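Here the protein sequences come in this chain order: A and B.
Under the numbering used here, the first residue of the first sequence is numbered 3, with each subsequent residue one higher.
Under the numbering used here, the first residue of the second sequence is numbered -6, with each subsequent residue one higher.
Honestly, the hints are just simulated from the structure, not real lab data.
Computed from a prediction, not measured in an experiment: that's the story for all the values here.
The beta carbon of each residue, even a glycine, is placed where N, CA and C say it ideally should be.
Here are the simulated distance ranges between beta carbons:
{"id": "1", "chain 1": "A", "residue 1": "115", "chain 2": "B", "residue 2": "100", "range": "25 to 31 Å"}
{"id": "2", "chain 1": "A", "residue 1": "80", "chain 2": "B", "residue 2": "34", "range": "22 to 28 Å"}
{"id": "3", "chain 1": "A", "residue 1": "43", "chain 2": "B", "residue 2": "64", "range": "24 to 30 Å"}
{"id": "4", "chain 1": "A", "residue 1": "19", "chain 2": "B", "residue 2": "70", "range": "44 to 50 Å"}
{"id": "5", "chain 1": "A", "residue 1": "29", "chain 2": "B", "residue 2": "22", "range": "30 to 36 Å"}
{"id": "6", "chain 1": "A", "residue 1": "19", "chain 2": "B", "residue 2": "57", "range": "42 to 48 Å"}
What follows is each chain in one-letter form.
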Amino acid sequence: GAGVSQSPSNKVTEKGKDVELRCDPISGHTALYWYRQSLGQGLEFLIYFQGNSAPDKSGLPSDRFSAERTGGSVSTLTIQRTQQEDSAVYLCASSPQTGDTQYFGPGTRLTVL
Amino acid sequence: AQSVTQPDIHITVSEGASLELRCNYSYGATPYLFWYVQSPGQGLQLLLKYFSGDTLVQGIKGFEAEFKRSQSSFNLRKPSVHWSDAAEYFCAVGAVGNKLVFGAGTILRVKS
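Chain B with its partners taken away, still in its complex shape (with noise of 0.2 Å):
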């Protein structure tokens, strides 16, 4: 079964400091990865995906991810965090009939 793995439940990091957020994943096949980013609140946005081809993937506000077969992870990264990406953060992989299996998810703390 298909299945992602959240380390960290918690992460505090200082506002200007680089990020990154660890992902597992368990698929038999090619996965389709996902992270998304939740406000207090809030629905769940699509910060960046991966799908094929190149395995660095940009997305929206600054951030990227690597997803690297070997190691079945797909780590979410930011060279330089701000205040406002405090959050809670959902690695997800696409099951069959791209039915969403999420991680546990990370809650980003920033201080200043």
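If we strip away everything but chain A, and leave its shape as in the complex, we get (with noise of 0.2 Å):
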């Protein structure tokens, strides 16, 4: 079946643009993570959502970072006044419940110039 699929694969913004950045899930997967890679700080969780429960923002670097899950479906992580900080690839992962093993899609790259 279908994998979980990311859009777009690159992105090229300008410092202080914002960015959206769209995950699909799995079908019938209710866990739904972002994980942010970067050479200087390797894998890094960014937010988990489970179901309808209130998201786990914990990972989140700073206010400029949001997501939102609509439907208990598709994300979209987004960031505001991109910093070349922010310079990453960003993974999701779904899983079909806490607990599950998570598959990765293959992640955006997000380059601030």
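With the hints in hand, could you dock these two chains into one complex?
Now the structure itself:
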């Protein structure tokens, strides 16, 4: 079946602009995660959604970062007023429920000039 | 706080040789443990996982890992490496809410 998909695959933006990154999880998966992979910091957890519960935002690095998940499916990660240090690969993962294996998408490579 | 240590940043092995990638974790309860592999420009692919039960787990592509609670380790092994195994390997521990904490990764190079 279809895996986790992310769009765009690459995004180049100018410092100060807002960007939106999209994640389509595997159908039926109730848990959705965002991670960031950067050279300096490795793989870091950002935010986690489980069903209709309030999201765990404990990994978001600043208030410029936000995410939403509509209808328990598609998720959008928004970065406002992008900075050069936001340049990274943003990975989305989904799992059938909390505690299950996470399946990762191919990522979105964000470059902030 | 949960943490994962992969002490080897790079490892080079000859094709056909055996492989062991080290992983040590810090976690307050029985951990969920994972190994993922990432090829250049690709996402993370699950190799294997440990949740409970048999401490020797088998994964895809001929990989296996052994959970040793006394050593807080979850080392990845393969008896005979193929050139296509060259990639970056990440060990991860499942934390609260199952958000994953990853190690820094080990880059595997395979020489012919």
